[in-house]
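Asker: Listed below, chain by chain, are the residues.
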Amino acid sequence: MNMLKPERIGLDDFADQPVNICGKAFVAHKFGALYWPAERALIVSDLHLEKGSAFAARGQMLPPYDTRETLRKLATLIDRYQPETVISLGDSLHDSDGAARMDAADIESLHILQEDRDWIWITGNHDPKIDRTLAGYVVQEIIVGGLAFRHEPLPGAATHEIAGHFHPAARLVFHGTSLRRPCFVGNRLRLVMPAFGAYTGGLNILDGVFEPLFGMDGLDVWMLGHEGLYPVAPRLLRDD
Amino acid sequence: MPRKATEKPPQKLRPKARPAKSKPRSAALVAPSEKKKSRPPRTSSATVQLPPEIAAWFARRGWTPRPHQLALLEAARERRSTLLIAPTGAGKTLAGFLPSLISIHNGNRKKTGAGLYTLYVSPLKALAADVERNLTHPIEEMGLKVRTETRTGDTSLARRQRQRVKPPHILLTTPEQVALLLSHPDAPYLFADLDTIIFDELHALAASKRGDLLALDLARLRKLAPNVMTIGLSATVARPSELRGYLVAQTEPETTTHLADIVTVKGGAKPIIRILEAENEIPWTGHTARYAMREVYDAIRAHKLSLVFVNTRMQAEYAFQELWRINDDSLPIGLHHGSLDGAQRKKVEAAMAEGRLRAIVATSTLDLGIDWGDVDLVIHLGAPKGASRLLQRIGRANHRLDEPSEAILVPGNRFEVLECRAAQQAAEAGDQDAQLSRSGALDVLAQHVLGMACEAPFDPAALFDEVRSALPYAGLTRSQFDRTVDFVSTGGYALRSYERFAKLRPTDNGKLRVANPAIAQQYRLNIGTIVDAPHLKVRLIAHRGAKRMPSMGGRVLGEVEEYFAEQLTPGDTFVFAGQVLRFEGIRDTEVFVTRAATEDPMVPSYDGGKFPLSTHLARRVRDMLSDPSVWSGLPNPVANWLELQTEFSVIPAQDEVLVETFPRGNRHFLVAYPFEGRLAHQTLGMLLTRRLDRIGAHPVGFVANDYALAVWGHGDISGLIADGKLSLAELFDEDMLGDDLDAWLAESALMKRTFRLAAVIAGLIERRHPGKVKSGRQVTISTDLIYDVLRRHDPDHLLLEAAWTDAATGLLDIRRLGTFLARIKNRIRHQVLDHVSPLAVPVLLEIGVELVYGQDRDAILRAAADELIREATGDAAQ
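Residue numbers (the working numbering), protein chains in the order written: chain B, 1 to 240; chain R, 1 to 878.
A few of these clues could be false.
Stated by the list, open to error - Residues from chain B that keep clear of chain R, each with C-beta distances beyond 12 Å, as calculated:
| hint | residue |
| --- | --- |
| 1 | N20 |
| 2 | L62 |
| 3 | P64 |
| 4 | Y65 |
| 5 | I112 |
| 6 | Q114 |
| 7 | W119 |
| 8 | G146 |
| 9 | F174 |
| 10 | L189 |
| 11 | V232 |
| 12 | R238 |
| 13 | D240 |
Claimed, not checked - Here are the simulated lysine to aspartate or glutamate pairs, EDC-like style, with alpha carbons at most 16 Å apart:
| hint | chain 1 | residue 1 | chain 2 | residue 2 |
| --- | --- | --- | --- | --- |
| 14 | B | K73 | R | D376 |
| 15 | R | K304 | R | D376 |
| 16 | B | K30 | B | D240 |
| 17 | R | K537 | B | D240 |
| 18 | R | K304 | R | E252 |
| 19 | R | K725 | R | D693 |
None of these hints come from the bench; they were simulated from the model.
For glycine and all other residues, C-beta sits at the position ideal for the given N, C-alpha and C.
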């Protein structure tokens with residue numbers, strides 16, 4: 001039998017992992033967020049707030065707690081890193097009516113998180129407009145220290161970019177077990193972030209849309225686990 | 001049909017009375033009158049009741065109605081609902097229909113609705129079709145003016161629509177179709193004339209979610225047709241009273257259980273069951289019975305038509321391969337299991353009915369009702385796991401009441417010898433496994449409530465009373481009911497944010513109606529309680545290892561569970577549809593395979609239909625084990641094995657549980673023998689591993705089978721016990737079903753699977769419809785995510801309650817584990833050993849064959865990450 005718990009590893013050793021993009025040092029966290037120590041900026045993508053109520057409006061009564069859960073995770077990260085800036089890379093709301101459906105208590109929690117820090121909403125295809133009740137600066141994209149932060153990655157082999165939109169996920173087949181998890185995927189010149197929202201699914205990174213962005217060589221993949229974030233060799237990954 | 005039914009092996013004695021040219025099913029409906037044997041005297045009124053056409057029909061064939069058929073006529077005349085318990089071959093089905101045939105034929109009834117007179121409900125659509133076919137023959141021969149039709153998912157849309165307006169006299173259908181019919185506004189008109197409802201194979205239906213739904217529908221039918229009478233047809237069961245209560249309205253649910261009448265036909269000849277003793281020595285482990293294939297093949301050769309039953313699809317595939325490998329006479333041997341393509345299954349069934357096959361390897365798909373041919377031998381490969389299942393399967397042989405069925409049990413390993421012996425004794429004693437009494441599932445109730453709203457606005461108080469008249473829901477509280485209605489309307493969340501999206505709206509007179517017609521449409525698409533695990537089609541393609549898969553593939557061989565396909569890597573070989581296949585890849589909803597060159601597949605298991613050992617058989621096995629005086633009756637290798645166990649360790653007493661601890665290799669093992677079935681053992685293993693981890697025993701993994709479980713780790717478990725750092729009494733304390741269970745459930749994949757089923761049945765998640773599927777993973781919301789969120793933010797939610805109830809008796813078998821832990825309190829027999837004991841060998845051999853648990857999912861990720869680090873630092877394993 002394979003022994004699967006290397007003893008030298010403590011539980012928290014994997015909670016976040018260093019990630020390098022165009023020579024800049026970031027830390028990627030197991031919740032699917034990115035922290036940039038030099039800028040004291042926390043970056044998340046595809047929150048899809050109020051996805052549950054969007055389904056409910058169409059008759060499928062999913063539990064209404066997804067916004068609450070997403071904000072709870074965000075609060076944990078803000079506690080941990082104490083960022084000066086939070087950047088949300090688009091599709092922060094599941095649809096343009098999302099803000100109107102948000103529970104007052106959730107809006108209140110959001111406002112508390114926004115106190116004493118810059119909050120930047122980058123717009124995405126699901127949320128071309130962000131309602132003013134959600135405060136923060138609303139922009140299409142921003143460039144900080146030579147790196148572009150936008151919702152949808154530029155087509156082709158662009159560099160100097162951190163984006164979201166595709167909800168990357170990876171399927172690992174190892175020791176006879178198959179495991180599918182959201183992941184960060186990058187090539188040191190650009191990075192696509194996993195979706196952060198509680199109800200967001202994922203698109204396999206072996207899907208055709210990723211290849212033009214990165215080529216297939218030199219891919220770095222970090223899969224999100226419960227206890228940690230794990231760098232995984234692409235050769236262990238499989239199609240769905 | 002050209003059948004050589006008269007060519008019998010000489011040693012078999014059959015009554016000559018049977019007309020050689022009778023239709024096969026008629027023989028099953030009404031057995032020939034036995035001229036040689038004396039029969040119970042007929043009741044004098046009997047012949048009087050029969051209209052001349054029917055009496056003449058009986059007379060023409062030289063038959064007389066059987067006493068139970070007359071008893072049912074008598075009961076029907078008094079409008080008394082009745083449960084008929086009879087073994088296969090007793091003419092059960094005709095007994096159920098006779099009252100209706102006579103009554104419809106006499107025609108003295110007033111039509112106030114659509115004219116549907118009798119509803120026949122069967123668990124299988126194939127059975128409904130089969131019964132219809134075989135009902136039309138007698139009807140035609142009797143010259144009765146009775147129209148019968150079937151209605152299943154396969155019936156054309158036009159016909160189904162017509163049936164709602166202009167139904168036949170007798171409609172043969174399935175529980176799902178009944179629910180569907182009841183959800184239409186015209187249901188009161190359709191069912192206004194309903195006189196009789198016949199439930200076939202009620203024992204297979206009642207104690208399940210389908211049974212719950214059907215019970216609720218029956219309650220509604222009683223409302224629409226207050227004088228309706230029910231007839232239940234059932235095989236022998238341990239506790240008939242639950243089926244009797246199921247058939248009638250529970251008008252005083254708090255205080256009194258009302259029961260239907262019962263008519264019991266005692267089984268004819270006792271089955272002849274023997275346990276195969278092969279020339280090769282019986283193996284320590286495994287279920288394939290490969291060692292005995294030669295003898296199995298010889299038995300097939302000596303009989304006309306054998307049914308070879310196995311417990312899983314994988315075993316079916318395997319046995320099929322093995323039999324063909326030694327099939328020197330090229331006997332026509334077929335294969336039948338639930339994953340095969342429907343067209344392929346139909347072909348095999350047809351061949352069997354036409355007598356073109358000599359043997360058929362099958363799983364539980366052939367357990368029920370349908371009479372495919374003249375089976376004269378049932379072979380069971382591996383232990384049957386339950387006494388009732390064995391009797392049901394044996395009943396497939398020889399559909400004539402007065403001849404003994406013949407069966408051979410082939411144990412797969414040494415423990416299974418004990419189990420087969422136990423099953424044999426139980427079957428000979430006619431003992432059945434008692435099914436757990438169940439209370440109706442809340443997810444099913446949710447589905448029903450919405451269905452009722454689709455039919456017409458309902459008054460909650462009235463619907464509550466109606467629902468409680470169904471036996472499974474007799475114990476339902478008003479608050480549970482109200483929460484369910486609330487769930488249907490708005491999801492029933494503690495956070496009341498969906499009121500404005502409510503699906504149910506109040507009317508002016510205090511009733512609830514559906515908010516819009518689209519809801520009813522949606523409901524009808526998602527009806528039913530059968531939720532299949534996601535399946536992928538298996539398509540055989542021509543070329544191998546091609547980088548790009550062809551857009552159009554070849555033949556579809558059948559379907560496999562998605563999770564099975566997901567763990568395959570291109571190049572893996574497995575057996576499916578009777579051939580060795582090479583996995584090439586998955587695209588959309590299809591698995592692409594090619595024919596493999598190898599004859600020896602890697603045979604990874606996919607466990608369609610693995611049943612755990614029944615409580616009743618487990619007790620018999622424990623009894624047998626603890627009583628050395630019966631060992632001499634066991635095959636030598638098995639008796640020797642048990643003798644050795646007394647020498648090296650101990651045999652536990654009947655009321656004890658044995659726990660052995662010993663070192664092996666560089667690991668320390670703990671092996672326990674609860675005999676409570678695989679599912680309960682898996683749960684126990686998960687919980688023990690957690691506890692051992694906390695105590696510092698560093699467990700690494702565990703494996704479980706039906707009899708025992710083994711946990712291993714780095715910590716010296718014997719030493720920890722000797723030092724007083726670990727107490728077995730505390731380790732096995734019932735309190736493990738508290739926090740430990742709760743913590744584990746948060747992560748348990750089995751629990752998530754259970755939740756998904758409840759979510760689909762309750763209508764929270766839509767079914768995946770074929771064709772609509774596409775690779776929609778990023779579009780649909782995974783129920784795992786919903787489960788996580790709900791557990792954290794609304795732990796008392798109705799759906800979690802429903803899923804928990806299911807898990808307790810289903811995949812996690814917590815109820816059984818709880819009973820076990822209570823039973824063994826202060827009865828743990830601990831043996832410290834230097835090495836593995838004889839009794840422990842089978843379960844240890846399963847390491848590496850069976851799935852090993854205890855590796856949490858993060859551990860897999862961590863190991864994969866480690867692999868990357870090794871690769872990066874240049875000391876990769878390969």
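Asker: Indicate, hint by hint, whether the structure satisfies it.
Answerer: Now for the hints, and whether the structure bears them out:
1. Non-interface status of N20 of chain B relative to chain R is upheld: no Cβ of that chain comes within 12 Å, the nearest being about 14 Å off.
2. Taking the minimum C-beta to C-beta distance to chain R, about 6 Å, the non-interface status of L62 of chain B is violated against the 12 Å cut.
3. Its closest Cβ contact with chain R, about 5 Å, brings P64 of chain B to no more than 12 Å, contrary to its assignment away from the interface.
4. Consistency note on Y65 of chain B: stated as away from chain R, yet its beta-carbon is not over 12 Å from all of that chain's, at 4 Å minimum.
5. With a closest Cβ-Cβ approach of about 18 Å to chain R, I112 of chain B is found to remain outside the 12 Å limit, as its non-interface label requires.
6. Even its closest Cβ contact with chain R, about 22 Å, leaves Q114 of chain B beyond 12 Å, as expected for a residue assigned away from the interface.
7. With a minimum CB-CB distance of about 24 Å to chain R, W119 of chain B clears the 12 Å threshold, and the non-interface call stands.
8. With a cut of 12 Å on Cβ distances, G146 of chain B stays outside the contact zone with chain R, its closest approach being about 28 Å.
9. A cut-off of 12 Å between C-beta atoms contradicts the statement that F174 of chain B is not in contact with chain R; the least separation is 5 Å.
10. At roughly 19 Å, the least C-beta separation between L189 of chain B and chain R is larger than 12 Å, which holds for a residue marked as non-interface.
11. Consistency note on V232 of chain B: stated as away from chain R, yet its beta-carbon is not over 12 Å from all of that chain's, at 5 Å minimum.
12. For R238 of chain B, the condition that its CB be more than 12 Å from all CB atoms of chain R is violated, with the nearest at approximately 7 Å.
13. Consistency note on D240 of chain B: stated as away from chain R, yet its beta-carbon is not over 12 Å from all of that chain's, at 6 Å minimum.
14. Between K73 of chain B and D376 of chain R the CA atoms are separated by roughly 65 Å; this puts the pair beyond 16 Å, and the hint is violated.
15. Between K304 of chain R and D376 of chain R the CA atoms are separated by roughly 6 Å; this keeps the pair inside 16 Å, and the hint holds.
16. In summary, the hint linking K30 of chain B to D240 of chain B is not supported, as the alpha carbons are separated by about 22 Å, beyond the 16 Å threshold.
17. In summary, the hint linking K537 of chain R to D240 of chain B is supported, as the alpha carbons are separated by about 14 Å, within the 16 Å threshold.
18. For the proposed pair K304 of chain R and E252 of chain R, the alpha carbon gap of about 54 Å is over 16 Å, so the pair is violated.
19. Between the alpha carbons of K725 of chain R and D693 of chain R the distance comes to roughly 13 Å, so the proposed pair stays at or under 16 Å and holds.
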